[in-house]
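In our numbering, the protein residues as written are 89 to 869.
Honestly, the hints are just simulated from the structure, not real lab data.
Just so you know, not all the hints are guaranteed correct.
To be verified - With beta-carbon atoms standing in for the labels, derived distance ranges:
1. Gly305 x Val460: 36 to 46 angstroms
2. His642 x Gly305: 44 to 54 angstroms
3. Asp229 x Asp345: 45 to 55 angstroms
4. His366 x Glu660: 34 to 44 angstroms
5. Gly255 x Val460: 44 to 54 angstroms
Every residue, glycine too, gets a C-beta built ideally from N, C-alpha and C.
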Amino acid sequence: MSTGDGRDPAEQRDTTAVYWANGVCPPTPLVGRDHDRAELRRIIQSPARLVTLTGPGGAGKTRLAQAVVKDVRAAFRDGAWPVELAALSESGQVPSAVTTACPAELQRDPGTADTIRERLRDREVLLVLDNCEHVATGVTDLLAGLLSYCPSLRVLTTSRQPLQIYGERLYPVRPLPLPDSRRMPFAKLADTPSIALFVQRARAVTPDFKLTDDNVGDVAEICRLVDGLPLAIELAATKLRLFAPAALLTRLRDGIDILRFDLANVPPRQQSMRAAIHWSYQLLSPRERHLLTSLGVFADGFSLAAAAAVAQVTRNLGEELLESLLDKGLLSVSPDPDGEPRFHQLGTIQAFCIEQLQDTIDEHEVRDRHAVYFLQLVADAEQELGDGRHAAYLRRLMPEQANVLAAYRHLRFRGDADSALALATWLSRFMFSQGELGAGLQMLKETLADHSTRTGHRRHADALHSAGALAMAAGEYALAEDYQRAAVAAYHKLGLAFGEAAALNHLGNIARIRGDLRAARTLCEQSLSMWRAAEAPGAAARALIDLAVISLSHGDVPAADEAVDFALPLLEAHGADQNVRALAGLIAFRRGDHREAERICRSAVAASVEQGTHPETPFALEALALVLSGHRRPASDLTAVRLIAAANSIRAGTQSYACAQVLSYVDRTLQHLRQRLGQVAFDNACIAGRSLPLPTLLDKDAGLLNSYVDPADSFEDTILTAREREVVVLVAEGLTNRQIANRLRIAEWTAINHVRNVMRKLGLPSRVHVAQWATQRHLAP
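Just need the whole structure built from these sequences, with the hints factored in.
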């Protein structure tokens, strides 16, 4: 029986036919697909009559289909009929290929859609069509009639894209789960499906191969580099005849060419990852190819807007093409922190795309557009987010760190020192937030050197300030002072008061840490004055807290109280980083306002959890621990020890530095806690603090972190500070703002501010209502 081009379908059955010989007899066990098999058994036996396994090349669609057919074939009276379509060259050959797969007694008539419908009309069959993507038109034409005409027919197909038939049930076949060698114990790593498959195939070529503590990290990284794709894992494992895992990992980082083998019973498209990807690439339209190759320059994902800008297509066309590439398994999508779609390429596909980009498009032009897009994105974010919102700024741009780094490297390569410095400054802030102090500082040093002839620019001043902040966090105070003094001069020359105030404030903190309190006060007061003049209340709150710390160091408690009283409302209204909040909490603790101290410190820790591990996180944890130790109760003491242990662990991991005064205070507190708890309980708490992830630790101790709140207190009581409750009593006594100020020895404007905050927090419209509220609660005579 001949096909449309005169060839016998049996002659077209290349090595792929072996995969379906005798129905389903795969030569090796299927690894890591137990859940998929169970789910597909359920789906195939449900009302769904057409199920399509979709996914990228090398995901294991055919192998999974074989396993499922083996599981369910007995449930069909007339069995399962597998049809391999990979060797077909045109859609018109599909009916003949299906006829050839029928039992011999049904192959008498020509292979047309009509005869196939007649043969299957009364049969209870599972028809399996493997590799449909390149003959999708022929498959859809055939199945549209079969499913309408043959009521007992079920169809299972594999395709790199949906068939787009009404009633089609899609089942994405995803890469195998990837290991996390940094957190998983050895036993769990060995059981990870991707590693288990690698070991199975490695032993097929190197029988004495063993997974050990020494090589498991390399094997895990190999599986990550090949995206957990079963085909790529098998191809990589065969290379252990030539390379140890560490050497193989090095070769893989150079490209995907090593991922190939030559086996008689494996189809050509599956003998290398390049061939598997090229098979899909050849099926794309020219516009789809252009977009896909352009996307190769992205690192760690991209948005629709970024893709359209870099590929130079309209947003509507970009959306259409991205959806098509998603359908074909060449991209994946997941929500970003704001719920917007974020697209990703598998690493193996990206490597292929970069090669195509080099061969077919001007790679530098595409990378230039990529750099311009992210340079503008960073500039827009800085413009929009402004004063006191650095956490939101970092959170918004965090998904783009890898893209900004790629853009930075390209700009340096192109010699654009000005633009590179702008991105280096942003990257240094992100590295600071992640504790990568040394890497961030080194990057700024190198980029500032490139920019040494262009010192009269805002970007140069910002970079100097960021370098000083990194050096200070790393404990390199002399270097930090040099950078900040240079930043002060640069900002002053440019007339940028806000930046100058920030650099002065850093210099004040360096002076305080060194013990020069007079210089520290002068510098912080100068920064406060400039921030107030610039109408930057969130930044001014930072300077006020620093001045309060300096006042406490002098023993001037009233001055510290006044600074904190004015700073706290600003912190509430405008936000602040966790370090400032933690300082405010400790000052409240020092003046005896324990409830307010705990509330503020808990907010600092909450910010730490939200932002992730950060060089300032240890101080927030230590501040809360010091406050909790004031409970002098076993449960609170245990929590305090855990928090301090977690702080020590994070500080070591982020290479951040703590000043001697803080460490001395923490050490004294730990000595008291050890005495109160006993050595065994103390040691166990330390182990828990070091080993548990921070969110888990805080969730475990969530009940303890509320322990200062008296259940008998009303909600309104708990949201007022100690000073605000004093003001409430005096308002109820009928005192004016000036009289309240005189009674409490504070400035009149501070008293006015307290009264306004009380009214805002309690939702009361006037002083009369405040007095009534106090009288009802017996707070006033």
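How the hints compare with the structure:
| no. | hint | result |
| --- | --- | --- |
| 1 | Gly305 x Val460: 36 to 46 angstroms | holds, 38 angstroms |
| 2 | His642 x Gly305: 44 to 54 angstroms | holds, 52 angstroms |
| 3 | Asp229 x Asp345: 45 to 55 angstroms | violated, 39 angstroms |
| 4 | His366 x Glu660: 34 to 44 angstroms | violated, 59 angstroms |
| 5 | Gly255 x Val460: 44 to 54 angstroms | holds, 46 angstroms |
The structure fails to meet hints 3, 4 from the earlier list, while all remaining hints are met.
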